[in-house]
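Engineer: Each chain, written out:
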Amino acid sequence: GQQVMQIPQYQHVQEGEDFTTYCNSSTTLSNIQWYKQRPGGHPVFLIQLVKSGEVKKQKRLTFQFGEAKKNSSLHITATQTTDVGTYFCASPNQAGTALIFGKGTTLSVSS
Amino acid sequence: EAGVTQFPSHSVIEKGQTVTLRCDPISGHDNLYWYRRVMGKEIKFLLHFVKESKQDESGMPNNRFLAERTGGTYSTLKVQPAELEDSGVYFCASSPPQPGNTIYFGEGSWLTVV
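Taken in sequence, the protein lines are chains A and B.
The first sequence begins at 1 in this note's numbering and counts up by one.
The second sequence begins at 1 in this note's numbering and counts up by one.
The hints are simulated quantities; they were obtained by calculation from the structure and are not laboratory data.
One or more of the hints may lead you astray.
[What the hints assert, rightly or not] Reference listing, derived: stretches of chain B covered by chain A, where coverage requires no fewer than 3 residues with Cβ under 8 Å from a Cβ of chain A:
#1 37-45
#2 55-68
#3 102-114
[Unchecked claim] Below, simulated EDC-like cross-link-like pairs (lysine to aspartate or glutamate); rule was C-alpha separation at most 20 Å, straight line:
#4 A:K59 to A:D83
#5 A:K103 to B:E107
#6 A:K103 to B:E85
In this text, a Cβ means the ideal position worked out from N, Cα and C, and glycines have one as well.
All chains, please: the whole structure from these sequences, using the hints.
Structural biologist: Printed below as a string of C-alpha cells:
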C-alpha cells in the first residue's frame, strides 16, 4: 500500500537552532498535509500543499512540496521550546478514502 | 463551533473486557475517520465513514474491532475482547463533504489494557 516515509524519527536541538523534517513517497502525491501533535495532545493541521514546487511559509515554518510531488519538507528556523512535539506529514491514499500518515518526527528543544 | 469530541478521554480496562469509544464529529461533516497511535509509532488509519456507510475499513486490525455510525451522526468503536496490544490513543477525525479538505482531529481516547 501507499507509504509516506518520514525522517528523522527523532531530533533534538538547542533553542535557536534550525530543524528540518522530510517526507518521501515512491508515488506521486495528490497533496501533502502537515500536522503537529504536542505531547499528550492531538494532531493539529498546519498546512496543505497541492502544487508542484509549492513553498508556503508560516512565521518561522517553511513548507516545501517537491517538483515531482513525491517529497516534502518542513523547516523551522530558530526553534523555540514551544515548537516541541511530533510533526507528521500525511497524504491521501490513491482512492482518496483515507489520509496516510508518516511515522512522524519528534522534536525536542532544550533551552 | 464545537470541534470533534471523543469519550471517554481515558480508559483503563483488563484484558478480555470490552470498551466502547464514542466520537461526535463536527456538525455537517459527512466524513468521519478513526485512527490509532500506539506509543511512539505512526498514526494508523483504521476506517472511514461517509455518513453512515463504511467507505474504507482496510485499516481495522481484526474482527475484535467494530465501528458503527448509525444515522450518520456520531460513531462508536467497540473493542471486544480487548488485548494488551490494543493499548494506544484512538483518534477520531472528521471533514466536510467536499474532497480534498483537511481533517480535524478530536483529542483522542487513551486506552490502556492491563
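Engineer: Next step is simple, just say for each hint if it's right about the structure.
Structural biologist: Here is how each hint holds up against the structure:
1. By the rule of at least three residues with a Cβ nearer than 8 Å to a Cβ of chain A, the coverage given for the segment 37-45 of chain B holds, with 5 such residues.
2. With a cut-off of 8 Å between beta carbons, the segment 55-68 of chain B has 4 residues touching chain A; three or more are needed, and the interface restraint holds.
3. Check on the segment 102-114 of chain B: 7 of its residues sit with their Cβ under 8 Å from a Cβ of chain A, so the three-residue criterion for coverage holds.
4. Between K59 of chain A and D83 of chain A, the direct Cα distance comes to roughly 12 Å. Compliance with the 20 Å bound is thereby established for this hinted pair.
5. For the hint linking K103 of chain A to E107 of chain B, the alpha-carbon distance of about 19 Å falls within 20 Å, and the restraint holds.
6. Restraint check for K103 of chain A and E85 of chain B: the C-alpha separation of about 18 Å stays at or below 20 Å, so the hint holds.
Going through the hint list in order, the structure satisfies each hint without exception.
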